[in-house]
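Participant: Fit chains D, P and E to the known structure of chain L by using the hints.
Chains as they are written, first to last, in this note's numbering: chain L, 1 to 330; chain D, 331 to 1007; chain P, 1008 to 1232; chain E, 1233 to 1719.
Keep in mind the hints are simulated off the structure, nothing from the lab. Mixed in with the good hints there might be a few duds.
[To be verified] Result set (SDA-like, lysine to any residue): computed pairs, CA atoms no more than 25 Å apart in a straight line:
| hint | chain 1 | residue 1 | chain 2 | residue 2 |
| --- | --- | --- | --- | --- |
| 1 | L | K62 | D | A930 |
| 2 | D | K698 | D | A930 |
| 3 | L | K299 | D | S915 |
| 4 | D | K698 | L | I49 |
| 5 | L | K299 | L | P204 |
| 6 | D | K698 | D | R878 |
| 7 | L | K299 | L | I49 |
| 8 | D | K698 | D | L877 |
| 9 | D | K698 | D | D954 |
| 10 | D | K698 | D | G763 |
| 11 | D | K698 | D | R708 |
| 12 | L | K62 | D | G884 |
| 13 | L | K62 | D | R878 |
| 14 | L | K62 | D | A793 |
| 15 | L | K62 | D | R492 |
| 16 | D | K698 | D | L814 |
| 17 | D | K698 | L | K299 |
| 18 | L | K62 | D | L877 |
| 19 | L | K299 | L | V190 |
| 20 | L | K299 | D | V873 |
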Amino acid sequence: MSTLAGISAVAGVLVLLLHVALMLAAAPIVLGLAHRLKARLSGRIGPPITQRLLDLSRLLRKQPVVADGTSWVFRAAPLASLAATLAAASLVPSFALGMATAPFADLLTIAGLLALSRAAMALAAMDTGTAFGGIGASRAMMFSVFAEPAFFMVVFTLALLAGTTNLDTIATLIHSGTFGLRISMALALVATGVVMLVECGRIPVDNPAGHLELAMMHEAMVLEYSGRHLAMIELSGALRLLVWFSLIGVMFAPFGIAPRDADGASLAPWLWAVGMMAWIVKVAAMTLALAVFETTRAKMRVFRVPEMLGMALLLGLLAVIFLFVSQGFA
Amino acid sequence: MTEYCLPALALVMACLLALGVLAALTGPRLAYWGSLALCGTGAVAVLIYLIGGARAGSILVPFGLAGQPSVLALDGVSGFFMLLLMLAGAAATAAALDDHNRGPGTEDGTDNATAPAFPIFLGGMALTLLAGDAFALLAGFEAMSLASFALVLTHHRQPPVRAAGLLYLGMASLSALCLIAALALLSAHGASFSAMRARPPEGVRAAFVLALVLIGAGAKAGLAPLHVWLPPAHAAAPGPVSALMSGAMTKMAIYVMIRLLFDLSGPAQPIWWALPLLAMGVGSAVLGAFRANIETDVKTILACSTIENVGLVVVGLGLAMAARAADLSALAGLALGASLLHAFGHGLFKTVLFLGAGAIQHATLTRKLQRLGGLASRMPITTGCMILAAASLAGLPPSAGFASEWMLLQTVLGAVRLGGLGLQIMICVLAAGVVLAMALAASAAVRLIGVALLGRPRSAEAATAAEAGPPLRWAVLSLSCLVLMIGLFPGAVLDLAEPALRLLATGTMAERAGFMSITPTAEAPGYTAIAVLALLGLAGFAVMAVLRARAVAGHRTGPAWDCGLGAPPPWLPFGDPRLQYAGGSFAQPLRRVLGGTLLATTATLDMPPPGDPRPATYHETETDPAETALFQPTARLRTELTRFADRMQFLTVRQILTVMFGLLIGLLAFVALVEQL
Amino acid sequence: MERIVFGTLPYDVAHLLGGAVLLLSFTLLSQRRIAATINTYALQAVVIAASSCWQAYVQHAPHLYLTGALALIAKGVVIPLALHRLVRRLRLSHGVETALGIFPTMLLGVGLVTLSIMVVLPTTVQSQALTREDLALALSVVLLGMLMMITRTSALTQVIGFMSLENGLILAAVSVEGMPLVVELSVAVLVLVAFVVFSTFFLRLRAQFDSLDTRHLDRIGSAHR
Amino acid sequence: MADWFEPASATALAPLLGAVLLALIRSPRLGSLIAIAASGLSLAFAARLPWQSGHGVFILVDPLAAHVAILTAFVGFTSALYSRRYIAVEIAAGRLDGPRARQYHALFMSFLGFMLLALLSNNLGVTWVALEAATISAVLVVGLTRTESAIAASWKFFILCGVGIALALFGTVVLYLAALPALGTGYAAMTWTELARAAPNCRGTLLNLAFVFLLVGYGTKAGLAPLHGWMPDAHAEGPTPVSAVLSGSVLNVALVVILRLRGIMASNAQAIDPGPPIMALGLLSVLFAAFSLWGRRDVKRFFAFSSIEQSGLAAFAIGLGGASATFAALLHMTVHTLAKSAVFQCVGSAAQRRGAQSFQALSGLIASDRALGLTLAAGIVALAGLPPFGLFASEILILSNTMNTHPWLVLPVSIGLLVGGWKLIARLIDLCLGPATETSATSSHAPVMGALSLAPAWVHLALAAVLGVAMPMTFAAWLAAAAAVVP
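In isolation and in its complexed conformation, chain L is listed as follows (with noise of 0.2 Å):
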């Protein structure tokens, strides 16, 4: 049992090595690939797939500057907010259950470390005294007041069906198909999806592709960034949008992740290349809907977004009610 539970550690580790380098490598391209869609979507040719890897490697080239009267937040913000992410990511299984960050795969920690990301992202734009970075920070802080309580009703709604937030576990609930399809499930996502628009700053409520004047979130935080800082940025960016991605698919549709054993990690890597392989369609399915939807969009103004996390959160509540109604709980 012992060496049992200790190949099945070794196992652990090495699926979560693969999925952080599987997650590092795709997000870059995950958003390439959606400009690329969008640009296909409107009738132009777009940029190369991996352009926004070249970017990255050509910001890492260049020296930063540093915008005058800013203090080490500034210096130390884009490291805080990858890292965040980074380990928001290493907790949000992909291909495979049970990797070795599962037991700590909490649903409210990888919010909170969202967050966090994007606290320090916000107290950075503060940092350089720009109106700009205000704009940004004020905005993004306002966005995530009402988005938080909205990912709430979802986490709220999967914590009921499985009794408990660890996502792991959740996940090997639903992948074992105990639950069966629920309407409950349908509003949560539709409320994720909006929380995940709103998060990760794509249209309508930010324009990842504008700059200054149009984009009023996320970009305009990053405006003073410039060299091996923007890159951290960027990636931390890229790297959100593929956690959500990653969110979405492990909460709604597990379908083809590699199941957990009753000790731990999965140890067949063939479930693993499946596993793989459906996520990438998941993700790749989703990078087409995003694209079909920012391009079908307009950007709102800022205070509708209020509105439709608002009518995120009111859809979240739903999902909880349905769910005692159904599950009687009471």
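Facilitator: For chains D, P and E alone, coordinates are given in the frame of chain L:
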């Protein structure tokens, strides 16, 4: 060993009270050094007590109500809060010493006249905790109020400080009267706690106890809608005092609430007792957190966030109450654990923040957000510590605040098993409220740090600020380390709270709270702060390694870009403050979305037509709903009654005689009537 | 000491005198002129003196003669004379200034007497008849005196009201059987009365007030809140 | 009659003899010394009273009377001490001349002596006469400054108290009548101790009548609303040491009478329950005074209303009945007397320093006269019922007792305490804190208050604090014995 802890703590308490009297004669230095030594001693004693199993005990002291001896008692609950008090007290005292070292008169001719009240404040809180009967509790509670009132009035030459002091002590009187009444209801068969425990109240009597305690302790804790005193009083008090008030004193009120509602009212109370606690808790949390986003005074912001945190603690208490009533002792233990952990963590990190705010005020002579900024490089230690504490305030992992909020949310998730569909839906809404408050707090924390400490200086004072003195620096640093440790090892704090949980919830978290992690249910893994830190650290190191290998090292500085925000002009060496985002502008989006509903905010823009040389003005107002709904009507009623009393007062002699005659005739008629019957 | 019982001469005389005092109280209330008011008061004092002496006689309590003498001299003669002098010296208006009309006052007075009887009569069924009747009368006189104080605005009439109230006290004190310290008490009351009169003089002689209307004093009082 | 010459009666006689002596002495300086000596002597005699319990036809020394007498003598003594400086300043400022100062001392001593006599008398008639004489002394002393408003105040005082006391006499006569069947004619039916003993056999229906008149009469002296009309003016216009004694002692004497009366009423089965009317008046006073505090601009008037409030609370506790509530009432009276006279002494000195007694003129005392300001602040804290002072303890006791017997009345009482306490705190802040008012009238006649001149106030406050948190067991037993005097 542990049996000596109660006498030792009683001695510490007595010495603190005596020290106040002594310091009135000798001087402030003695007050601070003495308090520091006593707090240290007390912390060690109570730590030994808690680790040694916290066996409940009591002693009699020959002081008390009308010649009767008083009971002093110590158990797990009071011990836990005592630890918080002693830690926060030691840090605040060190900071006060720093204020003292700077000498009088930096900003408004402050001398150290109120220093003797400092040890009395600490001693009063200690007495509140050590009290084993009604009188000792009330005496401690009132001594605490009175001493802190004196301390709030340290800068009494400023009119707003005096107004804040009045509101503060007025509300404290309300608290005291309600608690007197509540304790009188409880002590129908004896005033000692053991006698009250033997005969817990029932029915209507118990309901009145609940209401009175909620008003009495709630007003002191800053629970909405009785929180109105809290922001001005905290803003008016000197830094160390507001640190103590927010970090320790509000917790004393929480302690009183726990003692009276959980312990002395017995476990057999109905489930609806939870409802007012939950409603007030969520209301305070949301309102406090939102106000923290709107206010522009550093200390007021912190005070509003105190309201929020107290609200969260009370939500935990409410859930514990409901769980206990439903005989879910494990859930009750979790909820109480969340409350105690949050109270403890908040007590310490808020102390750090208030001490930091005090340091800022000393360095810049202002607390206004629009006059601060750019302190990160000038006060790096303060900034670092405050960012660390603000992370707790914002509830970011792996901070102390995240751990307790995580536990609280787990409790909320577990609480859906209580009651019927109605209660479930209510808890759902409550959960949304709690998370909203937490997110608002995060926004407030970012705003506070971002505007006050980061960016460019907005005034000459901010541009020339200097780091705080050594005592304050050490106090803040060591307390920050403690906060950090709590965040990483929340289980350790829960271990210390274990005796309290055993006592109050009959449920325990012992087998589920490891040293490092918190696990709400036995079946599933929980939250392990150290792992999160490790992940963050690994990720950070990995990124650093890659950067070191692949990226260009070093950096250059250059002017900020931002659409022509150029280098500062020579006549404004620290840049034009109006170009920067400040508190008001940061709050603008939230204010626009939520302000109308929560704070009745208004904004009037006066834009003169072209050709009119008048400057355009923009004016904002906000009103706390408690003001409009509760305080103003009360004040109006009071004014009306005063007017009536005055009319009755300025009567002519003849009219007074008429009243007298009327009374006589009335009494005669009454007697005649009674005799006829 | 013989018992004073209903239907005997001692009772009848005492009752008659008590009734006279009450009647004079009503008369006081109905007076519209200062001088007449003072005279009525003097008459009431004389009746009180007579009542006191009668009680001294029937109770065989010689100290009550002293009370009677005091009443006769001080209240029947000295004080009325002083008051007349005061009115002349100060050239006070001769009318009585009322806050409530004479007729409503009388009506109220009747109500008060009714109340007194209602309060006293059922309460003392076992007590000696004399004291019961006299107590009701005295109570009525006290209440009427107070009524006079509150329905008259001038200080002088108020003082007379007070003194009439005090007559009621003496009436009660002397008619109670064997009450000790009556003389001492009546002296003390007299001091009180004299003091009131003196202070009224004093106030006017200080020449600080244009009239003896107490409203002026009230104004001063309420200026210092 | 021999008991006139018992040593106990010396307590009352010492100030009276002092008054006679003072009427003959010309020098104001010597006068103040004689006053101090007389009141000190009285205090010395009073201090022996606890060991002289007993009663005769005229003199009554039971723990209740002894306790309040000691208190009164003590306050009289410290006020006499304080008067020395106060009168010196008044003379220097030209507000009093030599003869007036002499009159002041004489009247003050006679006032004190008559009050002690009223307390220690066993005979209702003597109590009544003594209180009347004390009233007359007080009226004269209030009008002593001869200013328009002082005369107006003393006139009001006199008329209202005169009527009140006349009604009380009527009540006394009726009480005698009620006791006749039980005690027969003679002194017995006018003696407190006999009345208390024979109360069950008294005629209940007559007792009711007596009770109404005595309650209204002595309630006027106790300053219970709506009979309190004289109090604010008399306090505001009288010399401050007199305000201190008025506020403390007169109320106590009247409340003791009401307390004894309650005892008699309560032990008679036919009589009505005396509690509700007393409680109603007390409660009305508390509420009325609490709200009246808000509109006051004159410092001494303000504290007079505070006295009405405290007196009302004590009356309320008396009305509650029972050993514990009576104990609370006595404790309340005791501490209030101590604290209020300390406050009046401070206020008087402050008013002399600033040459005015409005709140506007008296602000920022700590900034200008630190010791004085702090002492006054402590005094107001004591009045507001905060620890460590004894009103805190007595209010807890009163509220607890109310909660156990009449739970619903806790609400109005608490409202009164809160409204009053709030304004007290507000005035504490106005008076003591903030920058000092610039008044041109800051007279050089009034020197800075040194430790010596503040010592009486400190002693008062220290005693009030000891009674609050560290009451000696013996004192508690003594007070309980005093409370047990009345069933």
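Participant: Hints first: check each against the structure and report whether it holds.
Facilitator: Hints and how they fare:
1. K62/L with A930/D: Not satisfied, since the Cα-Cα distance of roughly 50 Å exceeds 25 Å.
2. K698/D with A930/D: Measuring from Cα to Cα gives roughly 22 Å; hence the hint holds.
3. K299/L with S915/D: holds, 23 Å
4. K698/D with I49/L: Given pair K698/D, I49/L is violated - Cα atoms ~49 Å apart, limit 25 Å.
5. K299/L with P204/L: holds, 4 Å
6. K698/D with R878/D: violated, 41 Å
7. K299/L with I49/L: With Cα atoms ~24 Å apart, K299/L and I49/L stay inside 25 Å; holds.
8. K698/D with L877/D: Violated - the C-alpha atoms of L877/D and K698/D are around 40 Å apart, more than 25 Å.
9. K698/D with D954/D: Roughly 20 Å separates the two Cα atoms, so the pair holds.
10. K698/D with G763/D: violated, 29 Å
11. K698/D with R708/D: Satisfied, since the Cα-Cα distance of roughly 18 Å is no more than 25 Å.
12. K62/L with G884/D: Roughly 10 Å separates the two Cα atoms, so the pair holds.
13. K62/L with R878/D: Distance ~13 Å between K62/L and R878/D Cα, so the pair holds.
14. K62/L with A793/D: violated, 32 Å
15. K62/L with R492/D: Roughly 58 Å between the alpha carbons, so the hint for K62/L and R492/D is violated.
16. K698/D with L814/D: violated, 28 Å
17. K698/D with K299/L: violated, 36 Å
18. K62/L with L877/D: holds, 12 Å
19. K299/L with V190/L: holds, 19 Å
20. K299/L with V873/D: violated, 34 Å
Of the hints listed earlier, those the structure fails to meet are numbers 1, 4, 6, 8, 10, 14, 15, 16, 17 and 20, in rising order.
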